[in-house]
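Student: Given next are the chains, with one letter for each unit.
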Amino acid sequence: MFLINCPYCGERDQSEFSAGGEAHIVRPKQPTELSDDQWAEFLFMRKNIKGVQFERWNHIHGCRKWFNMVRDTSNDKIHTVYKMGEKPPIK
Amino acid sequence: MLNYNLPINVTKDYSEINFSTVDPVLKINLRGKNREFITKIGKILSIIPPTDPNISSGNENLNILWLSPDEWLLYSNDKIDPVNLHAYLNNDVLEEKLYNEISLAKLGSITNVSDHWVMINLKGKNIFELLTAGCPFNFNKFKNTKGAVTQTLLNHIDVIIHNKDINDLNIFVRRSFSEHLFLWMNDTAARI
Chain Z
1 MFLINCPYCG ERDQSEFSAG GEAHIVRPKQ PTELSDDQWA EFLFMRKNIK
51 GVQFERWNHI HGCRKWFNMV RDTSNDKIHT VYKMGEKPPI K
Chain U
1001 MLNYNLPINV TKDYSEINFS TVDPVLKINL RGKNREFITK IGKILSIIPP
1051 TDPNISSGNE NLNILWLSPD EWLLYSNDKI DPVNLHAYLN NDVLEEKLYN
1101 EISLAKLGSI TNVSDHWVMI NLKGKNIFEL LTAGCPFNFN KFKNTKGAVT
1151 QTLLNHIDVI IHNKDINDLN IFVRRSFSEH LFLWMNDTAA RI
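Chains Z and U are the protein sequences, given in the same order.
Last residue of the first sequence? That's 91 in my numbering, and every number before it is there in order.
Last residue of the second sequence? That's 1192 in my numbering, and every number before it is there in order.
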């Protein structure tokens, strides 16, 4: 259990949130021109690394807004949160 | 046909905790993003929807609760005569006015959620003891802030909590979960 600072509501318990997987995955501009393997790569393949990861989260039991988070998956340390559409503040 | 009948209709008294469902009151969900929407709501209701998070605004008749940057819950303080309930809610002038001037003008959306949420009123010194028994939210600042609003989980059930006054708050819970939540509150309050 850890605290997440929702960019809209403020600091809340993690149980109010839902994880939405890896962030900043760009949808291909011409999906019909992709092979099945390329489409599967976009649709299913995620990094799931041990370390600092860019993720999407939803404050599902609060304001129901999506936002991005930079989290270290090895120790759950949250480096930063930022709104959807904003560029990642760290690389 | 909307169902305005309350699933629970009792008042419970425990040591410094009193809670009861409140007679159906008008509840309207307001959704909109632009400044025109907020200005229009302000003109119709004479209340500006709060743009800062976790607060509410209101007058003696109506309250507007902040739910998210583009969503608010409007509810009335008036208790409605049960005999004329359907007539009142179905022909409500306020809702019609909001609908005509906002939904039809495509400024935002207006949805009557009177039957969707059940409102439970809690009073007494120990109400926050009851809430903290099943809620991950930190009430330290909330309980001293009149008009504060939060959406959180209570016994794993989604709720909206409005701090009307010191030791006096309203909890909004979805109708289908209301009986379960009320039973849990009853059970927990008996042990405090």
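Any given hint might turn out to be false.
A few chain Z residues that face chain U, going by a derived Cβ cut-off under 7 angstroms, partial list only [to be verified]:
#1 Tyr8
#2 Cys9
#3 Ser15
#4 Asp37
#5 His61
#6 Gly62
#7 Lys65
Just so you know, the hints here were simulated from the structure itself, not pulled from any lab data.
All figures in this text were calculated on a predicted structure; none of them were measured in a lab.
For every residue, glycine included, the Cβ atom is placed at its ideal position computed from N, Cα and C.
Student: Each of the hints needs a verdict: does it hold here or not?
Tutor: Cross-check of the supplied hints:
1. With 7 angstroms as the threshold, the beta carbon of Tyr8 of chain Z comes within range of chain U, its nearest partner Cβ sitting at about 6 angstroms, so the hint holds.
2. This hint holds: Cys9 of chain Z has a C-beta 5 angstroms from the nearest C-beta of chain U, less than the 7 angstroms allowed.
3. The beta carbon of Ser15 of chain Z is positioned within 7 angstroms of a beta carbon in chain U (closest approach about 5 angstroms), and the interface hint is therefore held.
4. Hint status for Asp37 of chain Z relative to chain U: violated, with the closest Cβ pair at about 39 angstroms, above 7 angstroms.
5. Because the smallest distance between the Cβ of His61 of chain Z and any Cβ of chain U comes to about 5 angstroms, under 7 angstroms, the interface hint for this residue holds.
6. Restraint check, Gly62 of chain Z versus chain U: the minimum CB separation of about 5 angstroms is within 7 angstroms; hint holds.
7. For the restraint placing Lys65 of chain Z at the interface with chain U, the shortest Cβ-Cβ distance is roughly 6 angstroms, inside the 7 angstroms limit, so the hint holds.
In terms of the numbered hints stated before, the structure departs from hint 4 and from no other.
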